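The chain contents come next:
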Amino acid sequence: DTGVSQDPRHKITKRGQNVTFRCDPISEHNRLYWYRQTLGQGPEFLTYFQNEAQLEKSRLLSDRFSAERPKGSFSTLEIQRTEQGDSAMYLCASSRRLANEQFFGPGTRLTVL
Amino acid sequence: SQQGEEDPQALSIQEGENATMNCSYKTSINNLQWYRQNSGRGLVHLILIRSNEREKHSGRLRVTLDTSKKSSSLLITASRAADTASYFCATEDQGGKLIFGQGTELSVKP
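Which chain is which? The protein sequence lines are A and B, in order.
Just so we're aligned, residue 1 is where the first sequence starts under the numbering used here, counting upward by one.
Just so we're aligned, residue 1001 is where the second sequence starts under the numbering used here, counting upward by one.
Derived from the structure by calculation, the hints contain no laboratory data.
Every clue listed holds true.
Simulated coverage check for chain A against chain B, where a stretch passes if three residues somewhere in it have a Cβ under 8 Å from a Cβ of chain B: (1) 43–55; (2) 90–98; (3) 104–110.
Pair ranges (Cβ atoms, derived): (4) B:1060 <-> A:26: 25 to 31 Å; (5) B:1028 <-> A:84: 32 to 38 Å; (6) A:64 <-> B:1082: 38 to 44 Å; (7) B:1077 <-> A:80: 44 to 50 Å; (8) A:70 <-> B:1009: 38 to 44 Å; (9) A:109 <-> B:1005: 24 to 30 Å; (10) B:1020 <-> A:80: 42 to 48 Å; (11) B:1014 <-> A:64: 43 to 49 Å; (12) B:1040 <-> A:70: 27 to 33 Å; (13) B:1060 <-> A:28: 25 to 31 Å.
Just so you know, these numbers come straight off a predicted model, no measurement behind them.
Quick reminder that beta carbons are idealized off the backbone N, C-alpha and C, glycines included.
Start from the sequences, fold in the hints, and give me the full structure.
Below, the structure written as structure tokens:
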């Protein structure tokens, strides 16, 4: 257990539905990252926050994806109008500051039918 | 997009043997990190080597970094069955995000 928690751990949804995932980072960490991982691949960066500010978004993050980190604490990642290609493991990580190790949560596995 | 290549993609060894994994990357980096992932679970940080370092040790792990060749290697000595996992290298860019390789799947047979 790294101290980063994610909820839910598994989500099965039908194509076209909206889903929301939550990440609770380690409390004193001000940086929070979202990654996506498909089978047999390494994680790919989606977006990250420093406190409540979203500083960078990947080109992978289409308009259907939105992330928030209100008050610089937990974060949510919402996917609207899910597609089968969104099926993946969504990983959250946090770190104390730049150039430090990132602590990963257990991930949320999304299956879109 | 992935940062680069990891080699080999899969490695199978006997307990007690050493395992070496290599990683190449494409862009300038702040640091390079290695992570382990057990099947279907989150990633666990193993070791971080900064761009001005050439070698680092942590327990049974030894990491080297050659910035002129844009490559790194991870050596696990005296491997154990519990080391069976996927191993990923990741480079940290100026903004702090990690760019991962495709990983090496290590199998250590008792």
